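Visitor: Sequence:
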Amino acid sequence: MKLSSIQSKIGGALILILVIILGISFTVAAIQSRNLLHEQQEHSLNSLHSSALTQARSIFSSLEIGTEGSLERGEMDVFDELLTGLGAVPGVLEVGLVDPSGTITYSSQKGRLGQTPEQINITNSHEKINIEKESENSFFVANAHMYEEKCMECHEDVELGSLAGVLYVDFSLADLNQEKALQHSALAAANSKSMISNLAMGLISIIITFLALFFMLRRLIITPLTKIKTFLTEIGQGHLTKRLEMQQQDELGETARTLDDLAESLQTEVVGPLQQLANGDLTFTVNPRDEQDTLRHAIKKLGEDLNRMIADLQVAGQQIDSGSTQVSDSSQLLSDGAAQSAASVEEIGSSLQEIGNQTNTSAEHAQEANHLSASARDAANTGSARMTEMIAAMSEINIAGQNISKIIKVIDEIAFQTNLLALNAAVEAARAGQHGKGFAVVAEEVRNLAARSAKAASETAELIEGSVEKTSKGTEIAERTGEALEEIVGSIGKVTDLIAEIAAASSEQAQGISQVNIGLQQIDKVIQQNTASAEESAATSEELSSQAAELKSQLSRFVLKNSANANYSSNLQPQLPDSRSW
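Just so we're aligned, residue 1 is where the sequence shown starts under full-length UniProt numbering, counting upward by one.
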């Protein structure tokens, strides 16, 4: 990233300061000049405004003076000529007279006759109107005239003191507005000219001041700072042989001499020990100047730490060499044991596979027996239900037979009564003699029919009684059969439950054997992984042994202090792991 130079920053700061000063001065001068011109313009405009209003009032005074005699004498032609003459005066828009009703009766503008001026509002005939109203483009002046005693000679039908009319003058302010616009333009031009003049003078002052300060700063500050920058760049690149040797007796000269001392110190007290360190010589000594000498303390600590670390590494290399041999032997033993375990697990898996197959077959047979027993239980339940329905139907038949027996008894009683009635009818027919013969024949037929009905009812009753007796016996047999079927259903249900439990136990046993088989497969997989890991560990330990030898060879190039070897080598003896722990 490209950085801006101090020269540019100082130059920019100077320009900014000068611009701010110029801006403030220019602003103050411009404000003062503008205020002065504005005051002059206001005074001139006020004078023009007062002059225009005075001119309008003078014309109105001339109107009142000129009309005083003509109106009193009733000379309206003279009054009309006066209005026409005043209307021709430059700046006069209109001169006229308004009657008590508010209507223009005389005007210098004939087109306005009969109209009502908006500036005059007559609400009372005794109101004294005196108007001076200024608008944007005109100045309106009006004054009311009342009927006096001398007016009563000609105007007998009016009231003394009432409104006779209102004289008015409407004066144009267009010339005044035009003059205002011209003066505003002149003021703006004067302000612009003053600003340009002040700005040009300020720019010239800035340029001259900036050039003087720039060359002075360049000689006293920029050039020494450039030398210091080049020197620090050389130090940053590792070139510590150059010196500034500046003779300035100021802060920059003092800074340059301090930097020379710094370069000398780095050359002798920092670079020297680091060069020894690069050559593998750790016997160098660094003496910090005080407690805050961070750099020398760091180099001193670096030398001491490296002495300790290299000594530790030498001992650790011996430990790694010995330990890698033991790891290799233990890994080989672990690999052999894992192979034997894998063979045993494989045999156990084969046996469990056969047991699992047999258990699955037993579970399938138990499941089929469970289905058959369930079907038998369903059939027995269906037969029991049908037997229950048959018992209910036979009970209904028995009840129906008993009801029929009752009906037959009723029929038998009816036949007996019919026979008795026929006998009585025959007796009555015999008493009647010749007249009752036909009735006697009918009675005999009825008697025979009743006898036949009684005989048929008796035979039907005997048959029904036999059927009811047989139905009762069948009902008893069916009830005993239903009880037997219920016992069969209960037994089949128990058998079905037992078979279902056997099937469930067989299924669970088969699942358990399957899970055990899966576990053995996982154990076999782990054993195989352990075997591979043991082989890899053996190979790694061999590689580690060779690397330990290489490490020992590399560490032998370092020259250590005797104190470091005495303090640490004796305390860091190799403590190799026991191979039996494997």
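Errors might be hidden in some of the hints.
[As the list claims (entries may be wrong)] Taking CB as the label site, the calculated pair distances span: (1) 547 / 351: 43 to 49 Å; (2) 245 / 15: 32 to 38 Å; (3) 486 / 512: 53 to 59 Å.
[Claimed, not checked] DMTMM-like, lysine to aspartate or glutamate: derived pairs with alpha carbons at most 25 Å apart: (4) 552 / 281; (5) 110 / 75; (6) 193 / 39; (7) 437 / 459; (8) 409 / 445; (9) 406 / 396.
In case anyone wonders, no lab produced these hints; they're calculated from the structure. Since the model is a prediction, treat every value here as computed from it, not as a measurement. Backbone N, C-alpha and C define an ideal beta-carbon position, used for all residues, glycine too.
Visitor: All hints, please: hold or fail.
Guide: Hint check:
1. Separation of residue 547 from residue 351 is about 47 Å and conforms to the stated range, judged on CB atoms against 43 to 49 Å.
2. Separation of residue 245 from residue 15 is about 35 Å and conforms to the stated range, judged on CB atoms against 32 to 38 Å.
3. Residue 486 and residue 512 have their C-beta atoms about 39 Å apart, which leaves the hinted 53 to 59 Å range violated.
4. Proposed proximity of residue 552 and residue 281 is supported: the alpha carbons are some 17 Å apart, at most 25 Å.
5. With a CA separation close to 19 Å, the supplied pair residue 110 and residue 75 stays within the 25 Å bound.
6. This hinted pair checks out: residue 193 and residue 39 have alpha carbons roughly 18 Å apart, not beyond 25 Å.
7. With a C-alpha separation of about 33 Å, the suggested pair residue 437 and residue 459 falls outside the 25 Å cut-off, and the hint is violated.
8. The suggested pairing of residue 409 with residue 445 holds, with an alpha-carbon distance near 22 Å, which does not exceed 25 Å.
9. Between the alpha carbons of residue 406 and residue 396 the distance comes to roughly 15 Å, so the proposed pair stays at or under 25 Å and holds.
Violated hints, listed in ascending order, are 3 and 7; each of the other numbered hints is respected by the structure.
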